[in-house]
Amino acid sequence: MHHHPGSCTDVRAALQAYVDGDLSPEQAAALKRHLAGCSSCRAELARAQAVVTALKTWPLVPEPPQLTGRIMAQVSPRLDAPRFRLHWSDLVISLSGAALVFGAMLLWRGLLSTDQAYLCAARIALRAHVLRLEALRLLQRLSHAAVPGWGWLSLAGGACVLVLALGIWGRVPLPTQRRGR
Amino acid sequence: MQESDAALVARAQQGDEAAFEQLVRRHQRYAFNVAYRVLGDYAEAEDMTQEAFVRAWRGLRTFRGQAKFTTWLYRIVHNLCLNRLPHLRRELVQSEPLEEVLPNPVAPLPERFEAQERVAFLHAQVTQLPEKYRLVLTLRYLQDLSYQEIAAVLDVPMGTVKTHIHRARRLLIERQRRWEECGAQPGQARAAQDDNSPDNAALGFALPRLQEAGG
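In order, the protein sequence lines correspond to chains V and G.
Going by the numbering used here, the first residue of the first sequence is number 1, and it counts up by one from there.
Going by the numbering used here, the first residue of the second sequence is number 1001, and it counts up by one from there.
Among the hints, a few may not be true.
[Stated by the list, open to error] Below are the DSS-like pairs computed for lysine-lysine, each with C-alpha atoms no more than 25 angstroms apart in a straight line: (1) V:K56 <-> V:K32; (2) G:K1162 <-> G:K1068; (3) G:K1162 <-> V:K56; (4) V:K32 <-> G:K1162; (5) G:K1068 <-> V:K56.
[Said to hold, decoys possible] Counterexamples of contact, computed for chain G against chain V with all Cβ distances above 10 angstroms: (6) R1064; (7) T1138; (8) G1159.
[Stated by the list, open to error] So the derived label-pair ranges between C-beta atoms look like this: (9) V:I93 <-> G:R1029: 48 to 54 angstroms; (10) G:G1015 <-> V:R70: 19 to 25 angstroms; (11) G:E1181 <-> V:A13: 17 to 23 angstroms; (12) G:R1029 <-> V:W88: 38 to 44 angstroms; (13) G:K1162 <-> V:R70: 35 to 41 angstroms; (14) V:W88 <-> G:Q1128: 53 to 59 angstroms; (15) G:D1016 <-> V:T57: 32 to 38 angstroms; (16) V:P59 <-> G:E1181: 48 to 54 angstroms; (17) V:E26 <-> G:A1018: 53 to 59 angstroms; (18) V:D90 <-> G:K1068: 39 to 45 angstroms.
Hints were generated in silico from the structure; no laboratory data involved.
Glycine included, C-beta positions come from ideal geometry on N, C-alpha and C.
Build out the structure end to end from the sequences listed, making use of the hints.
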């Protein structure tokens, strides 16, 4: 910085700092002394001041009216389209299920490999087979007892009655609930 | 009473969208104008402002409040500008001789120009400055950011910021001079010699007293 700007070159180099108020009182005083006798530098000062005035009054352009809404639409997850996200819980449940099935399969294989377990499995299968035969025999007896063809109809009717009975029973308040009233 | 930026940022960091929306409403015009002045394109400036605020929201947890929210926001806008204008980074860190960026001769001006015309002329000229100058001038004069804050936004030394601002203003002074020389001899004469203009009148009034006071 020039402490005693004397020439026009020195003064013009310091003019912007002068306009910004960045010169020391001594520097500003020396600059003013020069300006008092130099119309050319005074014109330059006027230009520098006009530049600062123009920059300070540089007009703002209005932003688009929907800008806030558009920004917040991207910010707010409520307004976002649902995005795929893998949760740890999903992964844990899936892996646990897979492990359970795999374990059950291994267990089943292991059990079948022993004679005792094989015998047990055979008994279960036999029981199931016997039950199936008993059910078939019962159905056959029912169909013979009534008019041929009515067996299935009576079975369906019985099933409906049973379902209705269960529904009514479900709507009847339990004794504990009655007490509670 | 208006809540401070810091308080709104603290609430927004806890996930308060209403607080962030207040920040958006408060600063979107300035952010938009930074982008618009650098890019010179309304639609692109809108996209960039939108992107800047979304990035700000997503990165809010990393904002520690060491700088002002606006400084941080403008930095995001600036980084987006750099993505859009890759050459800007290089130009910001280098300073070419002033002669290389002096403008072409400007169009002839009206015969008479008053202060308002001069300012209007300068408003038109400032939009034709190189992008880096538009950027530093915007940051400096849009919200009175200090040189230090501008340096933080642009990630350049403070001296570089001062140089750019000085040169940008120098360019505008030169453009005025050429404008005057092009076709406004009477106006030029008045600007240079009319001691009744507000600036010169004040100076002319004050200087004798200063000289007297200084002996």
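Tested hints:
| no. | hint | verdict |
| --- | --- | --- |
| 1 | V:K56 <-> V:K32 | 24 angstroms, holds |
| 2 | G:K1162 <-> G:K1068 | 20 angstroms, holds |
| 3 | G:K1162 <-> V:K56 | 17 angstroms, holds |
| 4 | V:K32 <-> G:K1162 | 24 angstroms, holds |
| 5 | G:K1068 <-> V:K56 | 21 angstroms, holds |
| 6 | R1064 | 20 angstroms, holds |
| 7 | T1138 | 8 angstroms, violated |
| 8 | G1159 | 14 angstroms, holds |
| 9 | V:I93 <-> G:R1029: 48 to 54 angstroms | 49 angstroms, holds |
| 10 | G:G1015 <-> V:R70: 19 to 25 angstroms | 20 angstroms, holds |
| 11 | G:E1181 <-> V:A13: 17 to 23 angstroms | 21 angstroms, holds |
| 12 | G:R1029 <-> V:W88: 38 to 44 angstroms | 42 angstroms, holds |
| 13 | G:K1162 <-> V:R70: 35 to 41 angstroms | 37 angstroms, holds |
| 14 | V:W88 <-> G:Q1128: 53 to 59 angstroms | 56 angstroms, holds |
| 15 | G:D1016 <-> V:T57: 32 to 38 angstroms | 36 angstroms, holds |
| 16 | V:P59 <-> G:E1181: 48 to 54 angstroms | 27 angstroms, violated |
| 17 | V:E26 <-> G:A1018: 53 to 59 angstroms | 54 angstroms, holds |
| 18 | V:D90 <-> G:K1068: 39 to 45 angstroms | 42 angstroms, holds |
In terms of the numbered hints stated before, the structure departs from hints 7, 16, listed from lowest to highest.
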